[in-house]
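Student: Going line by line, the protein sequences match chains A and B.
So in the working numbering, spot 279 of the first sequence is number 279, and the numbers just go up one at a time.
So in the working numbering, spot 44 of the second sequence is number 44, and the numbers just go up one at a time.
No wet-lab data here; the hints were simulated from the structure.
Idealized CB from N, CA, C, for every residue including glycine.
Be aware that a few hints might be false.
To be verified - Calculated lysine-lysine pairs in the DSSO-like style (CA-CA distance at most 30 angstroms, straight line):
hint	chain 1	residue 1	chain 2	residue 2
1	A	K215	B	K268
2	A	K162	A	K122
3	B	K61	A	K162
4	A	K215	A	K130
Unchecked claim - Sample of chain B residues facing chain A (criterion: CB under 8 angstroms; computed from the structure):
hint	residue
5	S44
6	D187
7	T189
8	I195
9	I199
10	L202
11	G205
12	H222
13	H247
14	K249
15	V262
16	P263
17	M267
18	K268
19	V272
20	T273
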Amino acid sequence: MVLAPPGSGDGRDAAVNGAILSATGLTKVFGSGRHATVAVDHLDFEIAAGEVVALIGESGSGKTTTGRMLLGLMQPTAGTVRFQGTDLATLRKRHGMKGYWRSVQAVFQDPFASLNSFYSVKRCMLNTFKLFPRKPPYAERLQRVREAIHTVGLDVDDVLAKHPHQLSGGQRQRLMVARTLVIQPQVLIADEPTSMIDASSRAAILNILLDLRAKFGFTVIFITHDIGMAYYTSDRLFIMHEGRIVEEGPADAIIRDPQHAYTQRLLADVPTLQREWVL
Amino acid sequence: MPALLEARDIKAYYRTPSGDDIKAVDGVSLGLNEGEVLGIAGESGCGKTTLAQVIALTVQKPLYVRSGEVLLDGMPALTLDPETMRREIRGKTISTVPQGAMNSLNPTLRIRDLAIDVMRDHHPRITRREAVERARERLASLGLSPRVLDSYPHQLSGGMKQRVITVVSTLLDPKLLIVDEPTSALDVTSQKVVIKLLIDLLQRGIIRSIVFITHELPLLRHVADRIAIMYAGKLVEFGAMDDLVFHAKHPYTQRLVDSILVPEPGMKERTVTGIPGRPPDMRNPPPGCRFAARCHEKMDICSQDPPGFEHQGREVWCWLHQDQETGATRR
Chain A
1 MVLAPPGSGD GRDAAVNGAI LSATGLTKVF GSGRHATVAV DHLDFEIAAG
51 EVVALIGESG SGKTTTGRML LGLMQPTAGT VRFQGTDLAT LRKRHGMKGY
101 WRSVQAVFQD PFASLNSFYS VKRCMLNTFK LFPRKPPYAE RLQRVREAIH
151 TVGLDVDDVL AKHPHQLSGG QRQRLMVART LVIQPQVLIA DEPTSMIDAS
201 SRAAILNILL DLRAKFGFTV IFITHDIGMA YYTSDRLFIM HEGRIVEEGP
251 ADAIIRDPQH AYTQRLLADV PTLQREWVL
Chain B
1 MPALLEARDI KAYYRTPSGD DIKAVDGVSL GLNEGEVLGI AGESGCGKTT
51 LAQVIALTVQ KPLYVRSGEV LLDGMPALTL DPETMRREIR GKTISTVPQG
101 AMNSLNPTLR IRDLAIDVMR DHHPRITRRE AVERARERLA SLGLSPRVLD
151 SYPHQLSGGM KQRVITVVST LLDPKLLIVD EPTSALDVTS QKVVIKLLID
201 LLQRGIIRSI VFITHELPLL RHVADRIAIM YAGKLVEFGA MDDLVFHAKH
251 PYTQRLVDSI LVPEPGMKER TVTGIPGRPP DMRNPPPGCR FAARCHEKMD
301 ICSQDPPGFE HQGREVWCWL HQDQETGATR R
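With the hints as extra help, turn the sequences into a complete structure.
Tutor: Laid out in structure tokens, this is it:
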């Protein structure tokens, strides 16, 4: 695996280094006939190893559906997703999805749906190791879980004893990030990972994810409507509108000089500190 | 300007089953002027929503007001009898759009039934048709399609639901509208249309003042006239929007402003650290300044309660800004 140097990433690097994750003609249609809704419409993109990118769009733009297809949780209507050059369908046939999910992990927008509410947090977190072909001994498993929970800024003993419903939304989202720290996948797909976390600690959680990129060469795909967050974290931005990518490029270029009318509108809609916000 | 509403030294606690008190709001005083938008900001769990419930006079068990008073047009309002409260105050003088209201609508009722409920509660003799007609006129005058009245909640988008609730909540022209995180579940484009509606209601004189609760400072920068920053049940800084956002004095306000992630060129080069640590346990809040444990400018004296310091209409509760004349240190 070749690492892209941090901060690099205009689409060309992906072609040179070989993309870790790519989509070709990726399409999802819900319903059929007169009621057909094209949620994702022929997406083509390549993401290089070690890159941090963001898929940005409003509710209904198709960004979450794209994320689910990248994860293999939803079958595309047409097109393919490739992981290190191999089609997901082929990977599924060959090894099942477990191996893929060891490499490609997700943090979802609603962490309540991701944690089994009948299990204690301790059990939820230890279950993470089911993804591993060979489980480390119990003591080591527990130690890794404890370290991960500590890293995301939670009180380890307090959280481990609780059940998911006893935690706040922000605490659950932090736990999902901790889970990622335990698994250490190659690619992380983070769908609104900090939507329930206060602005004051949002940056801290994002910095943890960015540290992982620096340390282990993680690839991170953020899926979000928060352009500020995307700009802070990402090398490259993809702007999605009505199922299509209408603009992509280095984060700085898009924020300084958005080309597409939709991107311009989206940026104008964000209240910032310096710029006048025209209502 | 006359004070529309004044809160005096409010202490509002939650009583737990074990008999402990959670001191969610612990001595807050603030006044709301006619015609202004007052923003209340701070992290989750700092008492913003609780304070809003006290101001909205919607305190319900296990929350109770331990001490303090809310004056409405100069009259004590916390001790009003429930019937007067329901007939004269709720919806007519003070209306509130609670947090998550748009997801709490009865899914089996059309929006018009909600509007009829609101109207009939205060005008028992109004017919259904008249009530719907009033709602229809109001929606049309605000540029919203009156057809939403025939819809069920699930047929409306998030931004539309939030706007419709706001319109229905203000059908009786309340003086004060209290909105709690009205846009936090919405994307930026829907957020903007909701804010536009709130400003529109204010400019048309349908409502006279807004209390806007949110943790999004960039939003308050564009809508609020004054901002109160809350931390652990107390105000730490209170003043004009410009002063607070661009010249914050309290370390907590400064750190809050510094943790904002906005798409403005140059922000990418900064490392945003946020505020390490968590707000204290409100069962036993620490003595002295409650932010001291997380403060990067902590001094020995911070273990004592910081007195409020007022200067040119701005209040700061921090030892760093304590006036020398009072004998305390000030840098």
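Student: Compare the structure with each hint and give your call.
Tutor: Hints, verified against the model:
| no. | hint | verdict |
| --- | --- | --- |
| 1 | A/K215 <-> B/K268 | holds (20 angstroms) |
| 2 | A/K162 <-> A/K122 | holds (8 angstroms) |
| 3 | B/K61 <-> A/K162 | holds (25 angstroms) |
| 4 | A/K215 <-> A/K130 | holds (24 angstroms) |
| 5 | S44 | holds (5 angstroms) |
| 6 | D187 | holds (4 angstroms) |
| 7 | T189 | holds (5 angstroms) |
| 8 | I195 | holds (7 angstroms) |
| 9 | I199 | holds (6 angstroms) |
| 10 | L202 | violated (12 angstroms) |
| 11 | G205 | violated (18 angstroms) |
| 12 | H222 | holds (4 angstroms) |
| 13 | H247 | violated (12 angstroms) |
| 14 | K249 | violated (17 angstroms) |
| 15 | V262 | holds (4 angstroms) |
| 16 | P263 | holds (4 angstroms) |
| 17 | M267 | holds (6 angstroms) |
| 18 | K268 | holds (6 angstroms) |
| 19 | V272 | holds (4 angstroms) |
| 20 | T273 | holds (6 angstroms) |
Going through the hint list in order, the structure does not satisfy hints 10, 11, 13, 14.
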